[in-house]
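Since the structure of chain A is already known, use the hints to place chain B on it.
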Amino acid sequence: MGNLLNTGFAENGDLPYLLGIPFLLSIVSLVLFFLRKCDRGLINIILFFTGLIFIIPLIFFIYSGLFHPFRQTFEWFNFGQTVNISVGLDGQGSLMLGLVFLITFLVILYSTSYLKSDKDYGRYFASLLFFAVAMLGIIISYNLFLTFVFWELVGFSSYLLINHWYEKPKTSAAARKAFIVNRIGDMGFVFSLGLLYAEFGTFDIDAIIAILKSGNFNESILFWIGLGILLGCIGKSAQFPLMVWLPDAMQAPTPVSALLHAATMVAAGIFLLARVFPLLHPDLLTIIAYIGGITSFFGAFAAATQTDIKKILAYSTISQLGYMMAALGSHSYLAPLLHLFIHAIFKASLFLCAGAIIHSLSHLKEQLSNKIPNVDFDPQDIRLMGGLRKRMPLTFLAFALASMAGAGVPLTAGFLSKDEILAVIVSWSFNQESPVHFVLPVLIFSTSLMTAFYLGRMFFLIFFGGFRLGNVYPELKGNSKLIHEAPIRMLFSYGLLSLMCLFIFFSFNPLDPDKSWVLDFLSHPDSIFQSEKKFVTEINKTQDLLHNWIIAISVVVLSLGFALSYFLYRFKTRFKKDFLRLNIHLTLPAQFSYNAFYIDTIYQKVFIESYNKVSDGISDLERNIINSFVDNGALNIVVFANIISWIDKYLVDGFVNFLMTLLNGVSMQLKYLQNGKIQSYLVGAILAILVVGIWLMI
Amino acid sequence: MESYLLCLIVFFPLITGLLMLFVPGRFVSVWRLSALIVSVIEIILCTVCYNIFSNGNLQYINFQIPWLRLSFGSFGWLFVDFHLKTDGLNLAMICLSSIVFFASNVSSFSIIKFTKGYYLLIFLLMTSVFGCFLSHDFLLFFLFFEFMLLPMYFLIGIWGGERREYAAIKFFLYTLLGSVFILLVLIGTYSSVLVPETELGTIVSQEIANNPSFKSDFLQISTRIHTLDFDFIFNKNNYLSGSLLDSKLQSLLFGWDARTFLFFLFLIGFAIKLPVVPVHTWLPDAHVEAPTSISVILAGVLLKIGGYGIIKLVMPLFPDLFEKYAFLIAILGVISMLYAGLAALAQKDLKKLIAYSSISHMGFVMLGVASLSKEGLNGAIFQMVSHGLISSLLFLLAGVIYERTHDREIAHYRGLATVLPNFAIFSAIAYFASLGLPVFSGFIAEISVYMGAFTAVKTGVLPFWLVICSLLSLLIGASYSLWVLQRMFFGEFWVKPSLEKFQLADLTFREWTMFLPLSILIILLGIFPSILFNLISGMKLPF
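Protein chains in written order, with our numbering: chain A, 5 to 702; chain B, 86 to 628.
Bound conformation, chain A alone (with noise of 0.2 Å):
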């Protein structure tokens, strides 16, 4: 406790306890769990009581902490030091407080007619308020070892969340596809964990960071402290290495996908390292810088050929959070913060949008299979789209918003982010010594042109030209009233996401980010290295003159990477008929993109393979060395005891009865020595001396 002073926060003894919140929550989600099998109004019931009587604390838990960041302490164990509850909030915490709700609520409001006809309609509620809890934990959490616990939860409700539909089997592989990635994701966590305990005795970050500006310190030692989070954050936020497991996890039901899989669970990641900002080596920040760089290039590659609605959404999530990353990564905390939280809201847009689709597309599959028998098509493939603006104006108009916020369209929240992302990783690249360092600013802009590139694409696909799937039922021609607009509960989610797309619900002026109202809750942390506070200085002063030409070049990529899809995608008619061509399968390049430059499959021989080979080598090991060493050892014993026993009847005990045969032999010949007959004793007396007296005589 005695830190928290230090720190500068007061205890904040009259506030109601913050723990309270994912308490009572983690209970309605119990309770929900429980009466899984009742009735679904029930369950609307709980859930509306459950949003009123928790937003009034909500709202009072936000603005404290915009105003008054406060932290509350409790002791947890002590397993040879103690092991602290701390929580708190700060302007980071409310706004992603804000965010994780504001998302939540919606996309709880979009489920409850999603998954109007699910047989497992409670259970969904139970896991995803068990998410809310586990998020809400995360962000609460100022000691690292909490932090983990609710990190692993979130882990845990995801899988629980992917693996909904667990009868089909590709589900639950996916599920536990993204458990086990994460899972190597925080051996790095507990690797830091443990460093950090063994150096500070504590997993404050209070506490450590007032340790650390209070005296010397090893700087590799947080070099390796902030490699395992960031190892931990990779497996989270899905960057590379280990994004294998994002666009698998898109087996979730699509509402699951916009809340975990693109807003809130995958943007912990980046969470995390803004809150460790301060502990972060400078070193490692150009790491991440790279790691963010390469994610998002391959994530905007990628997703420019996928024909699956939802797996394009994942490749650009994975891409959107390769540039929160390398903002991070160039020393940046108000950028990526900034992306994060604009990102979440149009990509949780677009993917109720894309939701509201598959919805009707399977509806109509439905209608369809009444009619005509083996109909079969996947609902998410984009080639079998088209012309649905007309069908779907809402949903377009929400669509169109939400995606020109994601490709940095000016006049929309997102432009503001991605602007500032792009200013401050050219301005790093510009204070770096080497000139190699322009490689980063070159991945980004051609991830932004790539970015418009795809969802231009997919935008045209979906709402433009004709109805492709006509093409292959003829029956579907002139009969558009089975495509209908989404039902007013999934309209109201994602219209309202979309509506926070446009720039003035973050700053009134729509070309500069530094006025949003974000940023007066934030404020760049001091790092407790030395050199980071010049750098960064110089960093923003770049900024300030470059910010003007950044904004011009990026507004030209962008118009290339649409033009480009419009170009190809609407322009050239050549797709209207031939829909399946929509893949230029037959070009290298579209290959790797498709296939996500093999990534799965390079993962899959080489270590998922090997693994399995170690783990059956060991089992033959198991079996036909150490246990038939055992057996045979007994045998070997027993086979041994046999000779012993054989050596027993026969030598030993042979030679004693060969010994008694023998002395009975001998008695039986030497009792004639004293037959008693005097003759044979005459005998026996001349020839003794017969011998004795030849033997003397030679």
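Rather than coming from a laboratory, the hints here were simulated on the basis of the structure.
Keep in mind that a hint or two might mislead.
Said to hold, decoys possible - Listed next, with one range per pair, are the computed distances between beta-carbon atoms:
{"no.": "1", "chain 1": "B", "residue 1": "Phe578", "chain 2": "A", "residue 2": "Lys375", "range": "38 to 46 Å"}
{"no.": "2", "chain 1": "A", "residue 1": "Gly219", "chain 2": "B", "residue 2": "Ser622", "range": "25 to 33 Å"}
{"no.": "3", "chain 1": "A", "residue 1": "Glu79", "chain 2": "B", "residue 2": "Glu250", "range": "47 to 55 Å"}
{"no.": "4", "chain 1": "B", "residue 1": "Glu585", "chain 2": "A", "residue 2": "Phe381", "range": "42 to 50 Å"}
Unchecked claim - 27 Å max Cα-Cα, derived DSS-like pairs, lysine-lysine:
{"no.": "5", "chain 1": "A", "residue 1": "Lys369", "chain 2": "A", "residue 2": "Lys172"}
{"no.": "6", "chain 1": "B", "residue 1": "Lys625", "chain 2": "A", "residue 2": "Lys172"}
{"no.": "7", "chain 1": "A", "residue 1": "Lys617", "chain 2": "B", "residue 2": "Lys170"}
{"no.": "8", "chain 1": "A", "residue 1": "Lys609", "chain 2": "B", "residue 2": "Lys433"}
{"no.": "9", "chain 1": "B", "residue 1": "Lys170", "chain 2": "B", "residue 2": "Lys321"}
{"no.": "10", "chain 1": "A", "residue 1": "Lys537", "chain 2": "A", "residue 2": "Lys217"}
{"no.": "11", "chain 1": "A", "residue 1": "Lys217", "chain 2": "B", "residue 2": "Lys543"}
{"no.": "12", "chain 1": "B", "residue 1": "Lys433", "chain 2": "A", "residue 2": "Lys172"}
{"no.": "13", "chain 1": "A", "residue 1": "Lys375", "chain 2": "A", "residue 2": "Lys394"}
{"no.": "14", "chain 1": "A", "residue 1": "Lys375", "chain 2": "A", "residue 2": "Lys172"}
{"no.": "15", "chain 1": "A", "residue 1": "Lys609", "chain 2": "A", "residue 2": "Lys217"}
{"no.": "16", "chain 1": "A", "residue 1": "Lys172", "chain 2": "B", "residue 2": "Lys581"}
{"no.": "17", "chain 1": "A", "residue 1": "Lys120", "chain 2": "A", "residue 2": "Lys537"}
{"no.": "18", "chain 1": "B", "residue 1": "Lys581", "chain 2": "A", "residue 2": "Lys174"}
{"no.": "19", "chain 1": "A", "residue 1": "Lys174", "chain 2": "B", "residue 2": "Lys433"}
Using N, Cα and C, we set each Cβ at its ideal position, and we do this for glycine too.
Just chain B now, with coordinates in the frame of chain A:
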């Protein structure tokens, strides 16, 4: 009065067993009920002990009556008392054991062969387990430790599966080998430890009060009193100079002194019981062949005796050597963790997989104690308790499916969650607990062991690479646990055609009574680890 509580804990099952001898075996339900009642009473008694201990400011309960007074001529006397005593560690262990016995006794309702014999052996086993944990004298400990083998051998050998005889004899011989090693150390200890001068007066006057003719005997023969009491054997000053335990003794054999030999014998003796790779091969066979209720006891209680022995006896008896060879012990632990985890991944038999996961989890105990840190030690103890609960749950769950179909092959089932939803929920709890998810007890245990290991890196006890290797166990644990879940419970429902004739009904009331308390305890310990950490906080490292 409190002190008789310990006697009651130890002998209550035995006395019940003796009284029950008059009940014919055909009254099966009477036997089942009596076993159940005994285990419930044991739980209550252990809870009472826990309360006395935790309320009374970590106060020990002591029960001591004179037992053996042997004279070995000029070599001295051997005084052995019937000495039971609690401390944090063994309280944790008896609480765990009582719960595991309860679960096992509920599970044993499915046993129909020779019920009377089965429960008599269980009563014997209970007495020897509780005696082993509570005894505060090496000889007493050893007697109870050895006595466990007898009921275990028959329980596996009579009520087991197809290869039960092989498994039983393997278990018996392996453990007996360990016992022989421990016996050697017992003899070494006996020959080395004397009651110190300062205590002599009180002990002799006590003896005289009990037995007036003793004084003359005592003076005539010898004034040396050998003892095996835990109060004395861990103190270096009590060792006879030149004796086997004396570290200054220079009797060399291959360059090692007798103390080092005894240390390794002792360590191997308990390592077999724990078990540690490479002396672990008895365990998969014994676990697989034993009936469910006995697998539960094996995993939940008997393995813990190995860890208990290491912490309670090996560490304090040989602190210097333990410190010296900590690296070796840690390597054995890490090898167990990784090797057994990988072996588990390749298993096709569900019970065998759980057995290997047990070995893997016991590796944490070795790593924890080898870190020579408080965190590591606490983590190791926590792991023993946590694993006792989790592995019991896992074996009971495996028993559920085995009881229904008599087939444990993982590949013969798919999508069980659809037909057995509650069973699937408990399985998910158990496997996630086993992979160390937070809110389950396994997480706290593993993380404390890791923190201990990293502290050991800092203090230079363990090398960095070893600890990093040990982190891999997080991944391996997750992969085999989730693999089972995915293969058996998710996907479309399917069973091997030959198994389709069996009816797969969801959990019965009896099964709920086993799973629910265990799951709740696992979660309770995961959220409020202080329940256990407070208990063992009084323990001191002997280094």
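Do the beta carbons of Phe578 (chain B) and Lys375 (chain A) sit within 38 to 46 Å of each other? violated, 30 Å
Outcome for the supplied range 25 to 33 Å, where the beta carbon pair is Gly219 (chain A) and Ser622 (chain B): At roughly 30 Å between Cβ atoms, Ser622 (chain B) and Gly219 (chain A) fall inside 25 to 33 Å, so the hint holds.
Below or equal to 27 Å on CA atoms is what counts here, so check Lys120 (chain A) against Lys537 (chain A). violated, 54 Å
Taking only the CA atoms, is the gap from Lys174 (chain A) to Lys433 (chain B) under or equal to 27 Å? Roughly 22 Å between the alpha carbons, so the hint for Lys174 (chain A) and Lys433 (chain B) holds.
Is the straight-line distance between the alpha-carbon of Lys172 (chain A) and that of Lys581 (chain B) 27 Å or less? Measuring from Cα to Cα gives roughly 19 Å; hence the hint holds.
Tell me if the straight-line CA distance from Lys609 (chain A) to Lys217 (chain A) falls inside 27 Å. Not satisfied, since the Cα-Cα distance of roughly 47 Å exceeds 27 Å.
Restraint check for Lys537 (chain A) with Lys217 (chain A), where alpha carbons must lie at most 27 Å apart: With a Cα-Cα distance of about 14 Å, the restraint between Lys537 (chain A) and Lys217 (chain A) holds, given a limit of 27 Å.
Honestly, do Glu585 (chain B) and Phe381 (chain A) meet the 42 to 50 Å range at C-beta? violated, 34 Å
Pairwise hint evaluation, Lys394 (chain A) against Lys375 (chain A), where the allowed Cα distance is 27 Å at most: Given pair Lys375 (chain A), Lys394 (chain A) holds - Cα atoms ~24 Å apart, limit 27 Å.
Does the hinted range 47 to 55 Å hold for Glu79 (chain A) and Glu250 (chain B) at CB? Distance hint for Glu79 (chain A), Glu250 (chain B) holds at roughly 54 Å.
Regarding the pair Lys433 (chain B) and Lys172 (chain A), is the alpha-carbon distance no greater than 27 Å? This hinted pair holds, its Cα atoms lying about 23 Å apart.
Need the status of pair Lys217 (chain A), Lys543 (chain B): alpha-carbon distance at most 27 Å? Distance ~21 Å between Lys217 (chain A) and Lys543 (chain B) Cα, so the pair holds.
Hints 1, 4, 6, 7, 15 and 17 from the list above are not met by this structure, while the remaining hints are.
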